[in-house]
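*Asks:* Take a look at the letters that make up each chain.
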Amino acid sequence: MRADRGLFLHLGVLAALLALHVLAPPYHHTNLARIMVLAVYAMGYNIAFGYTGLLSLGHALFFAAGLYAAGLLVYHAGAGAPVAMIAGVLAGGAVAVAVGLLALRTAGVAFMIVTLMFAQAGYLTILYFGAWTRGDEGIVIPRAARMLGGLDLSDDNTRYLVALGLFALALLGNLALVRSPFGRVMVAMRENEERSRMLGYNPFTVKLGALAISGLYAGLSGAAYGLMFGYVGASLASVQYSILPLLYVLLGGAGTVLGPLLGALVMFYLIDYASSLTDAHQFVTGAALVALVLFAPRGILGTLRARGLRWLP
Amino acid sequence: MDFGPFLLLALMEGLVTAAVLALTASGLSLVFGIMRVVNVAHGAFFMLGAVLAWFVAEWLPGPPALAFAAALVFCPLVVGAIAAIADMAVLKRLNYEPEATIVATIGLLYILEQAALSLFGPDARPVEAPFSFRLQLPWFGYSGYKLAVVVAAALVLLGVWLILKHSRAGLLMRATQEDRDTARAFGINVDRVYAGVFAMGAGLAAIAAVLIVPISQAHYLMGGDPLLLSFIVVIIGGLGSLRGTLVAALLIGLSDGVISTFFAPTLAKIIATLVVALVLVFRPQGLFGKRAA
Chain A
1 MRADRGLFLH LGVLAALLAL HVLAPPYHHT NLARIMVLAV YAMGYNIAFG
51 YTGLLSLGHA LFFAAGLYAA GLLVYHAGAG APVAMIAGVL AGGAVAVAVG
101 LLALRTAGVA FMIVTLMFAQ AGYLTILYFG AWTRGDEGIV IPRAARMLGG
151 LDLSDDNTRY LVALGLFALA LLGNLALVRS PFGRVMVAMR ENEERSRMLG
201 YNPFTVKLGA LAISGLYAGL SGAAYGLMFG YVGASLASVQ YSILPLLYVL
251 LGGAGTVLGP LLGALVMFYL IDYASSLTDA HQFVTGAALV ALVLFAPRGI
301 LGTLRARGLR WLP
Chain B
1 MDFGPFLLLA LMEGLVTAAV LALTASGLSL VFGIMRVVNV AHGAFFMLGA
51 VLAWFVAEWL PGPPALAFAA ALVFCPLVVG AIAAIADMAV LKRLNYEPEA
101 TIVATIGLLY ILEQAALSLF GPDARPVEAP FSFRLQLPWF GYSGYKLAVV
151 VAAALVLLGV WLILKHSRAG LLMRATQEDR DTARAFGINV DRVYAGVFAM
201 GAGLAAIAAV LIVPISQAHY LMGGDPLLLS FIVVIIGGLG SLRGTLVAAL
251 LIGLSDGVIS TFFAPTLAKI IATLVVALVL VFRPQGLFGK RAA
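Chains as they are written, first to last, in the working numbering: chain A, 1 to 313; chain B, 1 to 293.
These are computed hints drawn from the structure, not numbers from a lab.
Careful: at least some of the hints might be erroneous.
[Unchecked claim] Which chain B residues stay away from chain A? Per the calculated CB distances, all over 12 Å, these:
1) ASP2
2) PRO5
3) LEU11
4) GLU113
5) ALA152
6) LYS165
7) ARG174
8) ILE215
9) SER255
10) LEU274
[Claimed, not checked] Distance windows between CB atoms, simulated:
11) ASP179/B with LEU294/A: 25 to 31 Å
12) ALA306/A with ALA185/B: 42 to 48 Å
13) GLN217/B with VAL140/A: 30 to 36 Å
14) ASP279/A with GLY4/B: 47 to 53 Å
15) SER216/B with ALA306/A: 56 to 62 Å
16) MET88/B with VAL140/A: 46 to 52 Å
17) ASP136/A with LEU135/B: 36 to 42 Å
18) GLN217/B with LEU101/A: 49 to 55 Å
A virtual CB, placed ideally from N, CA and C, is assigned to each residue, including glycine.
Full structure from sequences and hints, please.
*Replies:* Listed below in structure tokens is the structure:
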């Protein structure tokens, strides 16, 4: 049997990230932890958009569901971080299913607008219940509440390793998913819904399943973000946070397992670099979006895959 | 104040909102109806109109009425030109593929907002109204300028309707909407029609913004609310149906005026966005549209 190049590549990336834990200077160390958490979110987005072809503009709602489920439980109910983390993941999935049940009755442009509207309603709801969520100002989660088992999430080293652990889990889960029969059906839905239906697959169930998994990822990322960086605010539920994973996925390569990480990494440092030159970093985001759809709609890894690395999962 | 006059005030405020909304949304509706493009940058074109109006008012000496009249002509033309360039440089090359154009217009939105932030600054800045006539009702005084906005919006919309129904340009637009390929076969320059429609849509948003800026100040993030409300209006009215857009704008504008006077504005927005999402799910052709979009 041929060596499993795909699996080795992903394990290699994880090993490299582990090596960076020791090698990276403190500034990049913190950045990488954040990038890994955001990459989990983008991976979830990729499962819906890249593999299943569901272009949602409302994923911030699922991210925020995880963020606030975890944050509010810790802050108001005094729950422990493990409980909050699990609650966050489940909240992301549950909200995704609820939105999916309605939004998946539409497709294409209508699907984008419906998801956008639900996310907007969610964002406004967070502002409306400002007494609990403290709206734009947000909740700062105290250091004492950010203990996962015996691990102190506010400590830089622990945070990096926990982020890496969650990322590894999400990455290998994603790889297993896209290689599974269900993963193939997801791609079939993206490529040709009618033909898949003719082959006996129910498009609605498959899409709902993909969206639910996507929501679980987003919820996980949201809960981890809140607990690791200690901040839960409405700005993290705004439409920018729906665009962010879309941007990462488009840049890295839609429908590739490593694309979200690569996209998050490149975009994060691009904005970081641009911020040191000018304060017009929004311009970089906008120009990147326009350039991507114009010149590289398949993203970095998508282009590489089309140019010869056909085995890239 | 008694309930009656209070309601009248709410309705008058709602009417001003409705008029501006109808202008903005008809631009969005036109672009969607003819080009099948969902223009997320529409709010940014609105904002650009207001910001440019401030620059015109700042640079042009003389009475405010003159500067305002100049802005009313100049801003839509500049914003329309920017939109036409964006259409030819980006959207056309994407072949108007729906998902790609949405992503591209999101990018355009970021670029325009950043440009406004860098050139105009983060502060909200006022533009003086062209005249300060006050209409004195028995219960309260009301700004004559706001009523002029309603009249102006109605006139512009009438003009749009006349162009669409009774001019050669309008005929070309309607032909392109009906069937792009057949229109092309008959020698219509579809690319030019598209660029023109995109410019016209953006220009309408700019006019609306110039009209509203003496009431609500120019700010680089002011495009968000009009974009959302325009989406709501266009969807409720039926994607691409201009008449539906007008009826919906009136409906949404008036109810927004009443609800935000008597209840919390955030709650009003939550309800409106949810209603829209549900309308799209259960009645994708809109409340007034005839066939599926």
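*Asks:* If I take the minimum Cβ distance from SER255/B to any residue of chain A, is it greater than 12 Å?
*Replies:* holds (17 Å)
*Asks:* Per the stated criterion, does the least C-beta distance between GLU113/B and chain A lie above 12 Å, as a non-interface residue requires?
*Replies:* violated (6 Å)
*Asks:* Taking 30 to 36 Å as the stated bounds, is the beta-carbon spacing between GLN217/B and VAL140/A within them?
*Replies:* Holds: the Cβ-Cβ distance is about 32 Å, inside 30 to 36 Å.
*Asks:* Is the hinted range of 25 to 31 Å satisfied by the C-beta distance from ASP179/B to LEU294/A?
*Replies:* holds (27 Å)
*Asks:* Is the Cβ of ILE215/B more than 12 Å away from each Cβ in chain A?
*Replies:* holds (23 Å)
*Asks:* Say whether it holds or is violated: ASP2/B keeps its Cβ farther than 12 Å from all Cβ of chain A.
*Replies:* holds (30 Å)
*Asks:* Please settle this one: ALA152/B was flagged as non-interface, so is its CB more than 12 Å from every CB on chain A?
*Replies:* At roughly 30 Å from the nearest Cβ of chain A, ALA152/B sits farther out than 12 Å, so the non-interface label holds.
*Asks:* Would you assess whether LYS165/B, listed as outside the interface, keeps its beta-carbon beyond 12 Å of every beta-carbon in chain A?
*Replies:* Consistent with the label, LYS165/B stays out of reach of chain A, its closest Cβ about 27 Å off (over 12 Å).
*Asks:* Holds or violated: the 47 to 53 Å window for the beta-carbon distance between ASP279/A and GLY4/B?
*Replies:* holds (52 Å)
*Asks:* Take the C-beta atom of GLN217/B and the C-beta atom of LEU101/A, compute their distance, and say whether it sits inside 49 to 55 Å.
*Replies:* violated (42 Å)
*Asks:* Taking the closest pair, is the beta carbon of PRO5/B still more than 12 Å from chain A?
*Replies:* Holds, because the least Cβ-Cβ distance between PRO5/B and chain A comes to about 29 Å, which exceeds 12 Å.
*Asks:* Take the C-beta atom of ALA306/A and the C-beta atom of ALA185/B, compute their distance, and say whether it sits inside 42 to 48 Å.
*Replies:* violated (34 Å)
Going through the hint list in order, the structure does not satisfy hints 4, 10, 12, 15 and 18.
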